[in-house]
Amino acid sequence: MAVVSLSDAIRELVRNGDVVALEGFTHLIPHAAGHELIRQGRRDLTLIRMTPDVVYDQLIGMGCARKLVFSWGGNPGVGPLHRLRDAVEHGWPSRLELEEHSHAGMAAAWAAGAAGLPFGVLRGYTDTDLAARTRVARIACPFSGEDLAAVPAHRPDVGIVHAQRADRQGNVQLWGIVGVQKEAVLASARSIVTVEEIVDELEPRPNAIVLPSWVVDAVCLAPRGAHPSYAHGYYDRDNGFYVAWEAISRSRDRFLAWMRRHVVETADVGEYHASLRQTVLA
Amino acid sequence: MAVVSLSDAIRELVRNGDVVALEGFTHLIPHAAGHELIRQGRRDLTLIRMTPDVVYDQLIGMGCARKLVFSWGGNPGVGPLHRLRDAVEHGWPSRLELEEHSHAGMAAAWAAGAAGLPFGVLRGYTDTDLAARTRVARIACPFSGEDLAAVPAHRPDVGIVHAQRADRQGNVQLWGIVGVQKEAVLASARSIVTVEEIVDELEPRPNAIVLPSWVVDAVCLAPRGAHPSYAHGYYDRDNGFYVAWEAISRSRDRFLAWMRRHVVETADVGEYHASLRQTVLA
Amino acid sequence: MTGYTADEMMAVEASRRLAEGMVCFVGIGLPSLAANLARRTHAPGCVLVYESGTIGSKPVELPLSIGDGELAETADAVVSVPEMFAYWLQGGRIDVGFLGAAQIDRHGNLNSTVIGPYEQPLVRLPGGGGAPEIALGVRDVFVMLKHRRRAFVSGLDFKTSVGDNVRVVVTDVGVLEPVDGELTLVAVHEGADSDTARAATGWELRVSEDLRETEPPTDAELRALRALRTKGAAA
Amino acid sequence: MTGYTADEMMAVEASRRLAEGMVCFVGIGLPSLAANLARRTHAPGCVLVYESGTIGSKPVELPLSIGDGELAETADAVVSVPEMFAYWLQGGRIDVGFLGAAQIDRHGNLNSTVIGPYEQPLVRLPGGGGAPEIALGVRDVFVMLKHRRRAFVSGLDFKTSVGDNVRVVVTDVGVLEPVDGELTLVAVHEGADSDTARAATGWELRVSEDLRETEPPTDAELRALRALRTKGAAA
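Protein chains in written order, with the working numbering: chain A, 68 to 349; chain B, 68 to 349; chain C, 1259 to 1493; chain D, 1259 to 1493.
In case anyone wonders, no lab produced these hints; they're calculated from the structure. Careful, some of the hints might be misleading.
If you want the footprint, here are the derived chain C segments under chain B, 3+ residues with CB under 8 Å [what the hints assert, rightly or not]:
| no. | stretch |
| --- | --- |
| 1 | 1334 to 1345 |
| 2 | 1348 to 1356 |
Each pair of labels, with its calculated beta carbon distance range [unchecked claim]:
| no. | chain 1 | residue 1 | chain 2 | residue 2 | range |
| --- | --- | --- | --- | --- | --- |
| 3 | C | GLN1378 | A | GLN107 | 28 to 34 Å |
| 4 | B | ASN83 | C | VAL1318 | 45 to 51 Å |
| 5 | A | ARG78 | D | VAL1437 | 42 to 48 Å |
| 6 | B | TYR301 | A | ARG328 | 55 to 61 Å |
| 7 | C | GLY1439 | B | ALA204 | 34 to 40 Å |
| 8 | D | GLY1449 | B | GLY307 | 33 to 39 Å |
| 9 | B | GLU270 | A | ASP267 | 24 to 30 Å |
Every beta carbon over 10 Å from chain B, so not counted as near; a handful from chain D, in silico [to be verified]:
| no. | residue |
| --- | --- |
| 10 | TYR1262 |
| 11 | GLY1358 |
| 12 | ARG1382 |
| 13 | ASP1438 |
| 14 | SER1452 |
Glycine residues also receive a C-beta, built at the ideal position from the N, C-alpha and C atoms.
Whole structure, please, built from the sequences with the hints as guidance.
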């Protein structure tokens, strides 16, 4: 593990065509890393995430994705993801293949991936139309004979998460709603963690998990790198932005203009935030 | 959930012939609860635990157990369990049936039990003689075809653990090495938690897990109830006692005398500790 | 007595069905509103579990998302998402699960996946999320849904979750409960009748012989409800 | 130079094989001694993982049990036991796993279960514990075992773990390594020779043509080792 710049980490660790997971369950969504993937023009990515929201809408709308593996895709508490819908309903900017699961199936697939198992087992998908539309098999309990669902483990090429902080050795600490971040890092062949700050010492905290430096390939400083999501103990969720995204993302032109202004034409997360402030002032 | 006396909890929740797990991985071993099982003369118990040590040696030597489900049985850092050996090698005080697993198999069985699944999956038991001596089946990954091990889930009648503290509503908090305590409680039909103290409020702590009152059937106050094991933040492991147990447990007579003096003829954990102090003074 | 909205009527009616000590798996929007209202009124000991991993959350303001920080800060425990679905939902520890949907059929099966054919959808919906296993894993499923012909359909475009455990459907017109395996109108809200419901239902709606009228929200319920909405209103 | 015990020679020899940054799955006794010695001498960045769930423990005193509180207090992370075996061991994140046993055969298979027939044992041993999956799940298995005829046997009474990943066996006589799938004596400690090893081995022991003599413990190694033993000595 090394503490490197986010642009170097993305350049060295993410290739076109990779299977990439930017995970996070509402909290700690790695927006800065998603923006860097867009700036560097990654293509044909298979994107995995339980709850694709704004950052995946942006990646899809900018044509970075070939396929989406997910269980719930929307703008939480606001509405649909217009770029995701446009890709699925009209193939704009390109066709998007879907592999659709339930949350429980995705969670089991993440846990299996982290555990080095080829599949996860759950009591699920039963009698739904999902079963016919996704990668799920039935498996019989060898003791009771009970019929259960098996999902293939997630094993991305690259797992990307955002955390509150890391120490100078690259040990990562996150707390609050921890979602599937640990699993996403452990299940991936390579991993990138963006953090709010680098500290000398990771003082223990209630409800914190630590990812030791030797399971992380790159730690990158990205202050406010989760915006419009939040970092528990650092800043709140920008609920207004999620509401605003509804209008920004509705039209292709406005979406593209917004992405150019705030992502493509900004160099990093610092300039991204500066550009947002200017827009508000203007 | 109710805060009740340990003797009432054992009387009401544990029956002869039950499958009972007193779990704990070196830390927070529920000795006081084990002693109460002995005082109340429970019989024909199937005892589950990954690492049976002194308290299981005591239960087995006092004739409470019919069967032991385990993965490592010894006096950690000291030597064998003489009462366990005597039961297995010579059938004293009665025959003891063994169901033997590996740690990984037991851990998977606990996780499956907590998850309400009939079996757990692991890459294990391969090419060992254990496979022929225990309840394990082979299962094929429906996607990759890989051959893996399946273990039946643990679903005890009663799960018993010791924790640092609970609040007056019966929410339980434990920290330090947490072992499989959460799984043992969640996998069991009924559960008993002994605690060092009852507090007004469970102030959050690093590395603590909380078991909400509605998954616990009885919370019982048992100060120093883990002795000779320890309660992180309350008292240290009595390593001298584990060393002394080697001599105490070696002969049947000395074992029985010790158990009478310190367990059978004491009313509760308080008298148990008082009797130990007197022995040292004598 | 002050006026109230259809949403408020739905939240109040759903909240009344939650009892002290019930463990509820809660989604965002009306379910969260209903469960939090119950906690502020007749069932302060009602336990809120959010799929983001928070157990026993006691939010003061309504969260906009199921992952808001306040849900973690006020929780008895916060667990990982894999643990939530494996140990807590699949483990059978949840009494009540709330579900919404774009379509429901007479058996309580729900569609939150797609309108039109799956491969060429007219409307691509967010997807199942927790619904398929919530519908299987909780004891009682409560559905909250606006009563419209396009939502109450004779045939689903896609079956996202099964109706076996659906005990009640609360709409802005009234309340449906399964009778002999078919959703039946058992109550209507103030100002509505069985015709209102029939007109808004895409199948031949059964109506209970003893059709009740629901109790309108009390002033106390409305006060508690509106005190909660500050943040939720943003959505 | 001061004298040293056979245990100290074994611990020192094993510790020398641990390199900076290696992640080691450590049991109690000699393995814990060897791994902690490495941390105090040439490999301060060696990562100690104990099956009780502590990752990156840095104990000042040697633990008597793998669950001692100090292992948790000094750890980078503490995880549940199911997570340890699923995510960390089975997940393939461990470089080196130490194993001991009552019996070993020429292929590095180990017995820590029973002496005599399983159903009517002469000696009932503690059992496999973590060994079966440590032997499968780590990259390199290091075995530490006193060199005795009753331990180095031509046939195991019970196969608790498989030898496929055994890279070295450190005994009180010398060091064995697999050559063409059979454990071969490659080094002897000061004062021992191949005959000593042959006499203590229950099979026709192969001896390497270029048999080395191990380096006796240095004063620095012994000082560091003895500083660690305070607590461990209690066992």
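Could you check the structure against the hints above and give me the numbers of any it violates, in ascending order?
-> 12
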